[in-house]
Amino acid sequence: MPDLTRRVGVPRLAGISYPLSRPLGRPHDADGQRAVLRATLALLESATTSDHYVELPFEWPETVAQARNASKDVPPSPIAALLLKQPWLIPNLYLGRIPA
Amino acid sequence: MIDSYRYVDFATRQIMKAWAARQEPGEIPFTPLRKPLRECTVALLSTAGIARNDDRPFDQEGERRDPWWGDPTFRRIPLGTTEKDIRVYHLHIDPRFGEEDLDVLLPMRRLSELASEGAVGRTAPTHYSIMGYILETTELERKTAPAIAAAMHEEHVDAVVLVPV
Numbered sequence: 001m002p003d004l005t006r007r008v009g010v011p012r013l014a015g016i017s018y019p020l021s022r023p024l025g026r027p028h029d030a031d032g033q034r035a036v037l038r039a040t041l042a043l044l045e046s047a048t049t050s051d052h053y054v055e056l057p058f059e060w061p062e063t064v065a066q067a068r069n070a071s072k073d074v075p076p077s078p079i080a081a082l083l084l085k086q087p088w089l090i091p092n093l094y095l096g097r098i099p100a
Numbered sequence: 101m102i103d104s105y106r107y108v109d110f111a112t113r114q115i116m117k118a119w120a121a122r123q124e125p126g127e128i129p130f131t132p133l134r135k136p137l138r139e140c141t142v143a144l145l146s147t148a149g150i151a152r153n154d155d156r157p158f159d160q161e162g163e164r165r166d167p168w169w170g171d172p173t174f175r176r177i178p179l180g181t182t183e184k185d186i187r188v189y190h191l192h193i194d195p196r197f198g199e200e201d202l203d204v205l206l207p208m209r210r211l212s213e214l215a216s217e218g219a220v221g222r223t224a225p226t227h228y229s230i231m232g233y234i235l236e237t238t239e240l241e242r243k244t245a246p247a248i249a250a251a252m253h254e255e256h257v258d259a260v261v262l263v264p265v
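These protein sequence lines map, in sequence, to chains F and E.
Note that the working numbering gives residue 70 to position 70 of the first sequence, counting from 1, and the numbers run on in steps of one.
Note that the working numbering gives residue 227 to position 127 of the second sequence, counting from 1, and the numbers run on in steps of one.
Only chain E is shown next, with the shape it has when bound in the complex:
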């Protein structure tokens, strides 16, 4: 049984367990894969708060002013973006590993390798990041997630790997 809680301090562990216990497991939509993985276009989504240096950073000042708030927007990360082009804007993780090697958080190069060897059909042209510290999820659910889904739809994405951090 996997216990990731051992990597966090006692207080964080208790709070996360309480949140998990309170979460009502609703109906989970399931879409079967319509074609073999070797024919699918795959996209990645990280919750690490990755933004390109030529894009708007996630709003860390806003969170410092109001620690109950987290930036619920998203950023596009085009294929070919590397650790040289980004920063990790997330005040609840150690950003250094992903800034040293972006594939630790958003494995676009690894996915392209799997596409080259034929295990995956194609790597999507665009990948995505949100910043995962969002206690109040209304905007994430009503605005951000549908916008990301629509952008993926436009690029004919068949499957998405969500990479929580």
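Chain F with its partners taken away, still in its complex shape:
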């Protein structure tokens, strides 16, 4: 989520359109992973001011549906399960009202 990371504020940011859980690429794709890391490290030398943002040109080799499908048997997170049961709490999460 490059826009979220940007709002949090980092000096240099490499955006990549890879699915969650696999930021460097597919398991055992050493060449692909190395290319992503190399392109990311390049920002250390190319950036001259903060909020330097580069969109990396790598494309995920599957469709969005395939990528999401690969993780469809992962159980919902505790917060997702809670909000399914108690949907009236959803605005709290949406608005960032975290119970102490």
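Keep in mind that the hints are not guaranteed to be accurate.
[Claimed, not checked] For lysine to any residue, the following SDA-like pairs were computed, each having C-alpha atoms within a straight-line distance of at most 20 Å: (1) E:K117 / F:V10; (2) E:K117 / E:P264; (3) E:K117 / E:K135; (4) E:K117 / E:Y107; (5) E:K135 / F:S46; (6) E:K117 / F:A80; (7) F:K85 / F:L95; (8) E:K117 / F:E55.
[As the list claims (entries may be wrong)] Here are a few chain E residues that face chain F, going by a calculated C-beta distance under 8 Å: (9) A118; (10) Q123; (11) V204; (12) L235; (13) T238; (14) E241; (15) V265.
Quick caveat, the hints were computed from the structure, so don't treat them as lab data.
Heads up, the beta-carbon is just placed ideally off N, CA and C, and yes, glycines get one too.
Dock chain E against chain F, hints included.
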């Protein structure tokens, strides 16, 4: 324009966008690289909740008891650690890819290859993981992040790649 939101469901997307919109972009510190990358010691930090099997797991029971809470501590991952030595403790991602090949999350082998070919000076002896589901960030900001920064400083780290998951 990169749109990673297409990989998450509608509700998650709306909530993450609301959080992004609410975040006040403050002053972002910028430290120029003091020497060429080929002379730098580089460390990695993953938000995937990676812990070694001989270390304390991230507290998933605590999050199950209180889903608004996430473990804000960190774990050290020494160079040479592989997928055989770790587990991924993060209830919001699919842990299987990183447990099959740790370089998917924390590319220590790839970084060492870049160091061997001379593109990077040196791979730091220690790398780090936090678990990225932390809604209330006070402890992360005041305790965890400074402790990680101090540990990196001790090992003369010049640059860090943060790998959100």
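Results for each hint:
1. E:K117 / F:V10: holds (18 Å)
2. E:K117 / E:P264: The given pair, whose Cα atoms are some 17 Å apart, holds under the 20 Å limit.
3. E:K117 / E:K135: With a Cα-Cα distance of about 37 Å, the restraint between E:K117 and E:K135 is violated, given a limit of 20 Å.
4. E:K117 / E:Y107: Status holds; Cα separation ~14 Å.
5. E:K135 / F:S46: holds (13 Å)
6. E:K117 / F:A80: holds (16 Å)
7. F:K85 / F:L95: holds (19 Å)
8. E:K117 / F:E55: Holds - the C-alpha atoms of F:E55 and E:K117 are around 19 Å apart, at most 20 Å.
9. A118: At 5 Å from the nearest chain F Cβ, E:A118 passes the 8 Å test, so the hint holds.
10. Q123: holds (4 Å)
11. V204: holds (5 Å)
12. L235: Holds: closest Cβ of chain F sits about 5 Å from E:L235, inside 8 Å.
13. T238: violated (11 Å)
14. E241: Check failed: Cβ of E:E241 comes no nearer than 11 Å to chain F, outside 8 Å.
15. V265: Holds - the Cβ of E:V265 comes within 8 Å of chain F, reaching about 6 Å at its closest.
Going down the numbered hints, you'll see the structure goes against 3, 13 and 14, while the others check out.
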